[in-house]
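Grab the two chains, each in its own frame, and use the hints to assemble them into the complex.
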Amino acid sequence: MMDTVAVDAGTRNDRSRPRFREQLRVNGREHELDLDPRTTLLDALREHLGMTGTKKGCDHGQCGACTVHVDGRRVLSCLTLASLVGDAEVRTVEGLEATDGTLHPMQEAFVACDGFQCGYCTPGQLMSAVALVEDEGCPTDRTQVQEAMSGNLCRCGAYPGIVDAIERVRDREVAR
Amino acid sequence: MKPFVLLPASGEAEAAASVAADPGARFIAGGTTLVDLMKLQVETPGTLVDITRLGLGEIEDIEGGGVRIGATVRNSDLANDPRVRERWPVLSEALLAGASPQLRNMATVGGNLLQRARCNYFRDVTAACNKRSPGTGCDALEGHHRGHAVLGGSDACFATSPGDMPVALVALEATVETLRADGSTRSIPIGDLYVPYGDDPAREHVLAHGELVTGVVLAPSAWAARSTYAKARDRASYEFALASAAVALELDGGVIRTARVALGGVGTKPWRSTEAEAVLVGDEATDAVFEAAARAALADARPRRDNGFKVELAQRTIIRALRTLRERAVEEAA
Ligand SMILES: Cc1cc2nc3c(=O)[nH]c(=O)nc-3n(C[C@H](O)[C@H](O)[C@H](O)COP(=O)(O)OP(=O)(O)OC[C@H]3O[C@@H](n4cnc5c(N)ncnc54)[C@H](O)[C@@H]3O)c2cc1C
Ligand code: FES
Ligand code: FES
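Chains E and V, in that order, give the protein sequences.
Take the first sequence: its position 138, counted from the start at 1, is 138 in my numbering, and no numbers get skipped.
Take the second sequence: its position 178, counted from the start at 1, is 178 in my numbering, and no numbers get skipped.
Fair warning: there could be bad hints in the mix.
Partial pick of chain V residues on the chain E-facing surface, computed with a CB cut under 10 Å [what the hints assert, rightly or not]: (1) Thr33; (2) Asp50; (3) Arg53.
Read the hints as simulated data drawn from the structure, not as lab findings.
Here a beta-carbon is modelled for each residue, glycine too, at the ideal position from N, C-alpha and C.
Next up, chain V with everything else stripped away, as it sits in the complex (with noise of 0.2 Å):
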């Protein structure tokens, strides 16, 4: 690791200003992410700001029964909310199947939304990647890619996108909420927030440098409230999906009123489908349907010499994850 120096911050607003003057300057809140990547020496931070003392570890009601999440709040804290249980399902699933209770004690909402890629060519600092080092190339073109993403990306870089929570923030349409260092905040659209990199890999996410997230806002929905989160692994626990689903469904009878659909562990961000649920959207709830909406998912898909396995994979969790959703409609109705 390399030597830092440790800024206590007293406020938000200090906080990013201090992260925003100083290039090498990096927020940490669980650590899990960062903290990792500097023993690697992939992050090489000579200042730290804490910000998990500022106040952002609430999660708040607001008008109309939604909520904001304060930026630090712990990912199992998180999970096991009541009211994030109840009307989004899909996000307490998602933190759930994420890391391991330890992990989810210590991550926060913040770092698990900009967490970074687990790549093992970004991880080795002898190894190319533009991410890490522009301009080096890419080793995974020709390494190891099993585990690399099908949707997004270029031959520059193809790093899968790891997290599961941002996945089902993406399917609900939540809002991200930040602070930037001349004292401005902006709400941005969570399908705002990433960019699915191609020829600039090392831009992950449209926030400046030192512009801080101070939480993430759900508004309720009906479709929110019938939502899930399917993923698939290497092994049952404690492991990053290969492929992943979060999806929301509102039923009339049998036929689908409102449908959102987003992939995770296949590409370069969060993947929203809007192909998938415009198949879905006005049709029956039938296996037909599912496995239609499943091919549009993937139609773009670019798999490369090892990963085409995830093509078929990704379908069947996004066929799992509608069965799911249907199986608790008709057990409510029952």
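Extracted from the complex, chain E is given alone in its bound form (with noise of 0.2 Å):
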């Protein structure tokens, strides 16, 4: 299902269209951008503010490789637009980790046990792991669980890892 990649060249340089100003809150930091209304979130993470941890696979919602959070919920942010976002709040997998660099559980637990591959898929598999733990109510059934990550692809076909992930991390914060 998966499409090619558009590389949508005219959303970055071109002076001439009309522009906006645009404040960015992701990860806790206001960031101030000057954009062209076509810029998606995707885009203006990674081409604009260079955090390229978020990741475009099919750039068309079929894949979920550039699943970030808004306002707590994970979304696709190749299908939001930048100037929609507002004053909402951004989390991206760079915002994971502790401020001394301590690794997410989630991070850890997709270590442990081999939850990736190629690494491709895995900042969108860790933000929906991590929504789906931290505020949605994670299933205690494996295929529940299956299920609510099935907007996540992975090429690699890492999955029985990633839900082995989500399982350790979602036991351990049941017995805390």
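Written out as structure tokens, the structure is:
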């Protein structure tokens, strides 16, 4: 179902187009940006803020690689216009680790459970997994965890490790 | 993507007037259909009017146990609303069977109602498509049409109506409320919202350009509370329906008092089957009756070269949904 990646060169350099100033709050920091209205949140993060952790897979909502949190909810940054984010708080994979560099428990669990191979889908998987465990109430049933993660495709097929990692963090949260 | 101007709207009336005044303007809600189609240049709006900050994001209780669902309520919030789960379970199930958690967090009720066809030729600006460019022909006739409709449509276009939620709302006989540019409002029974495009496939519904969907109203009933959604697709999740069924039954002992059957994935609009309902009502809830109803629902199907499998698949999907309801009734009685 995946399409080829469309490179939207027009959104970057063309200064003759209408532009707007956007305050974007990402991982607790304010950024002032001068953007073409066509810029997606994904391109704003990667091309304008240099935060390349969030990945572009399909650019059409079909793979989940671009998953970030906007006001605590996981969404697809490739189908989100940066100009419509407003004053919402954006959280990306760069915002998961602690300020001292300690990995987020979900990142640790992905490492421990072989939750990735090439790593391309991993930032999106992590953001979905964190939303699932922190905000959505992670299901106890493995098939339901798989369903809850179905919006993130993995070309390498690391799915079993990903679900293992989520169950590990879920069970630790429950134990706390 | 073509350049566009983004207009903030401070109220519903202003939003409707702005879009109505400009043929190249579009409302944008979750953007999951529109931004995708803009990247493909299938949609090339010169103006976008953001309707997500108009205060249409609430689900209100109304008299008699019904609800009014604001047009920009997100699909995930609607699916998880306790009232919806209890009084209209088919709606919650249909929403949760659609797209992915991320998309459901973005997608709105109004946008879901008006999402566009997933036909590959509609989405490819180099292909012939009467829906996108009237008069150019239909490349699906000879091309890939395994996913296309077997009910409704014509040689001009037989793209499937892709949504899940609209199928549930058709079974539930929801009412769609709109606001027009002149300030007038109307309440449209959802059965009258969609047109089974024949000669003019560009027209999918009866709304005027700039007519804003403000909400959807649901009334409670015994049958609505006994409803379910079944969906068959090429993979277990995150995929559009090949066939789906929204069904509701009110049972009195073993006898069916009321029935609602609507089909997705097989029609050029969310397809209500009063034929199937007529077979069910007054009869016993047996497999034989379910099978007869399923046959009636697909009696007018017109399969083409590659989508003939949908006829039986849709029948089986209807039967599966009806059996689920029968099982639930038995469990409740026990
Ligand atoms: C990869 C992928 C998989 C998907 N899978 C499924 C699936 O399995 N099942 C399913 O049902 N759907 C599926 N969808 C479609 C998804 O449900 C729709 O894109 C979504 O519901 C559209 O809502 P939105 O708010 O994002 O609409 P938008 O993109 O904002 O708008 C869609 C259209 O509706 C118009 N509009 C929006 N709101 C209003 C309003 N209030 N009044 C008048 N006009 C309005 C817009 O102008 C636009 O033309 C999928 C989408 C993607 C990208
Ligand atoms: S990049 Fe594939 S869903 Fe956004
Ligand atoms: S680890 Fe390679 S795509 Fe998922």
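> Per the CB criterion, is Thr33 (chain V) less than 10 Å away from chain E?
Replying inline: This interface hint holds because 9 Å falls under the 10 Å limit.
> Hey, does the Arg53 (chain V) contact hint survive, CB to chain E under 10 Å?
Replying inline: Cβ of Arg53 (chain V) sits 8 Å from chain E, so the hint holds.
>> Does the closest beta carbon of chain E sit nearer than 10 Å to the beta carbon of Asp50 (chain V)?
In response: This interface hint holds because 6 Å falls under the 10 Å limit.
Checked against the numbered hints listed earlier, the structure breaks none of them; every hint is satisfied.
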